[in-house]
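Let the sequences and hints guide you as you build the complete structure.
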Amino acid sequence: MPALKDAAAIVGIGETAFAKRLEDSEKKLACRAILAALDDAGIHPSEVDGFASYTLETTDEVEIARTVGAGDVTFFSQVGYGGGAGPATVGHLALAVAAGQCRVGVAWRSRKRGSGGRPWAGAQQLSVPAQWTRPWGLLRPVDEIAMLTRRYMHEYGATREHLANVAIAVRKMANRNPRALMHDRVLTREDYMAARWISEPLCLFDNCLETDGALACVVVSAERARDCREPPATIHAFAQGLPRQHQTMVNYWCEDPLRGPAWACAEQLYRRSDLRPADIPVAQIYDAFTPLVPLSLEGYGFCGRGEGAAFTEGGALEPGGRLPINTSGGGLSEAYVHGFNLIVEGVRQIRGTSVNQVEGAQACLVTAGEGVPTSAMILRR
Amino acid sequence: MSEAPLLPPINEENAPFWEGCRAGELRVQRCRETGRLFFPPRCLSPWAPHAEPEWTPLSGRGAIWSFVVPHPPLLPAWAALAPYNVIVVALDEDPTLRLVGNLVARAGGAVNELDPAAIRIGAPVRVVFERLSDEIHLPRWVPA
Numbered sequence: 000m001p002a003l004k005d006a007a008a009i010v011g012i013g014e015t016a017f018a019k020r021l022e023d024s025e026k027k028l029a030c031r032a033i034l035a036a037l038d039d040a041g042i043h044p045s046e047v048d049g050f051a052s053y054t055l056e057t058t059d060e061v062e063i064a065r066t067v068g069a070g071d072v073t074f075f076s077q078v079g080y081g082g083g084a085g086p087a088t089v090g091h092l093a094l095a096v097a098a099g100q101c102r103v104g105v106a107w108r109s110r111k112r113g114s115g116g117r118p119w120a121g122a123q124q125l126s127v128p129a130q131w132t133r134p135w136g137l138l139r140p141v142d143e144i145a146m147l148t149r150r151y152m153h154e155y156g157a158t159r160e161h162l163a164n165v166a167i168a169v170r171k172m173a174n175r176n177p178r179a180l181m182h183d184r185v186l187t188r189e190d191y192m193a194a195r196w197i198s199e200p201l202c203l204f205d206n207c208l209e210t211d212g213a214l215a216c217v218v219v220s221a222e223r224a225r226d227c228r229e230p231p232a233t234i235h236a237f238a239q240g241l242p243r244q245h246q247t248m249v250n251y252w253c254e255d256p257l258r259g260p261a262w263a264c265a266e267q268l269y270r271r272s273d274l275r276p277a278d279i280p281v282a283q284i285y286d287a288f289t290p291l292v293p294l295s296l297e298g299y300g301f302c303g304r305g306e307g308a309a310f311t312e313g314g315a316l317e318p319g320g321r322l323p324i325n326t327s328g329g330g331l332s333e334a335y336v337h338g339f340n341l342i343v344e345g346v347r348q349i350r351g352t353s354v355n356q357v358e359g360a361q362a363c364l365v366t367a368g369e370g371v372p373t374s375a376m377i378l379r380r
Numbered sequence: 000m001s002e003a004p005l006l007p008p009i010n011e012e013n014a015p016f017w018e019g020c021r022a023g024e025l026r027v028q029r030c031r032e033t034g035r036l037f038f039p040p041r042c043l044s045p046w047a048p049h050a051e052p053e054w055t056p057l058s059g060r061g062a063i064w065s066f067v068v069p070h071p072p073l074l075p076a077w078a079a080l081a082p083y084n085v086i087v088v089a090l091d092e093d094p095t096l097r098l099v100g101n102l103v104a105r106a107g108g109a110v111n112e113l114d115p116a117a118i119r120i121g122a123p124v125r126v127v128f129e130r131l132s133d134e135i136h137l138p139r140w141v142p143a
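Residue numbers (numbering that gives the first Met the number 0), protein chains in the order written: chain A, 0 to 380; chain B, 0 to 143.
FYI, nobody ran anything at the bench for these hints, they're computed from the structure.
We put the beta carbon where it would ideally sit given N, CA and C, even for glycine.
This list has only true hints and no planted wrong ones.
So, partial list: chain A residues that the calculated Cβ filter (under 8 Å) puts toward chain B: (1) Arg-133; (2) Leu-138; (3) Arg-149.
If you want the footprint, here are the derived chain A segments under chain B, 3+ residues with CB under 8 Å: (4) 191-198; (5) 239-253.
As structure tokens, this is what we get:
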């Protein structure tokens with residue numbers, strides 16, 4: 000019996016407002032989100048003894064612990080690769096709780112990507128792999144993913160109609176979520192097709208939002224979870240994936256670039272799970288760019304290789320569809336905070352409190368970014 | 000194009016690649032144990048434990064594997080050229096070796112002078128080199 004399976008649960012979720020610009024610092028936003036998550040769990044900050052976050056976080060555990068008033072901290076961990084980190088932060092806490100290294104873990108992400116500038120536009124020393132891409136004008140994450148997208152379209156007959164299906168489905172979710180940045184903005188197929196290019200074949204609406212905001216969640220043992228205020232979202236299974244010869248974002252230097260990290264991650268995830276894709280009625284799929292969704296649908300086994308684009312047809316990803324995704328509006332239409340809003344929304348689905356609740360959902364898949372060393376988890380009641 | 004920060008830094012691992020470019024030759028690494036090629040350069044071969052790599056020249060021929068056409072917002076020097084093309088070339092010697100580059104009409108040609116609508120995945124290309132500095136002669140690609 001795997002030690003992790005169902006051993007820990009998310010019992011508290013918290014978030015700040017989301018906006019193009021917030022006044023508070025990333026540190027203060029982080030602390031606000033963490034304290035809100037602890038309030039939600041009914042746990043006092045002095046009980047916190049574990050932290051996990053992203054290597055890209057600007058505030059370290061020391062400052063967070065000193066500011067929120069944590070106790071003696073006995074586990075702390077950071078996960079790299081930006082949008083690949085989300086479920087891994089929670090998974091590391093679950094492993095630590097299951098192994099007895101801490102009892103109350105907090106994971107968070109705070110980011111002012113809306114007002115804080117674009118990372119790709121800063122002066123930079125070219126690293127591997129950037130030294131093999133940027134001198135030729137492949138500058139931004141959108142360019143890197145557009146390159147894979149064009150090849151995906153070529154190999155499998157995917158079209159912009161399929162990418163529009165993703166953008167429209169996720170926008171419909173946001174239109175029902177008053178907290179989503181795009182709550183009041185309907186996106187039609189005509190809007191999508193008329194949008195300006197960012198990097199052909201990707202247009203404006205294939206890109207996530209630029210957002211200021213922070214989110215957090217609280218992880219405790221399944222036993223302790225029964226005593227918390229809200230129904231627990233049990234961490235049923237968790238995995239990370241860094242496949243052989245993978246290269247972050249520019250995964251062009253391996254045998255099969257369209258078989259991304261999701262595949263290796265999914266193999267481990269389902270090996271540790273009682274559930275199969277057919278048992279999962281709702282998913283939060285990392286959506287920094289629309290093409291990551293069909294690629295992830297394939298990697299996580301909701302359809303076969305090359306079938307991810309066709310899977311999006313007929314409103315499959317929309318409210319009431321075959322597999323509703325990103326039910327709070329995701330990174331494309333709620334907020335882009337490196338995918339942490341997908342985790343929080345996954346918990347809401349398990350609690351039954353989503354604005355786009357899938358009735359009776361017993362399980363929810365939450366994924367991190369396809370295209371980078373990644374992670375995923377299955378939450379269940 | 001004066002984009003100093005975007006010129007690749009030359010280091011121990013990649014120096015033979017750029018030396019090859021200055022000599023008008025596309026070079027990649029080969030595993031001394033297995034003979035298998037690899038790119039980008041590494042200090043040891045991934046194909047056999049402890050195996051040292053060696054550098055070997057290639058034909059400089061390949062086929063377009065994919066391409067994009069970036070539009071603003073971009074870094075200023077690139078915004079001035081947009082829309083331009085960036086291609087990935089699969090090399091003839093081993094199509095799983097892929098180089099990022101640009102498709103130009105001729106050696107020294109601009110990255111935005113070809114109509115992107117005419118670029119085709121699978122089209123054969125041949126390497127050319129453009130001198131950007133004493134050290135960096137950047138490989139780009141022309142239709143073969």
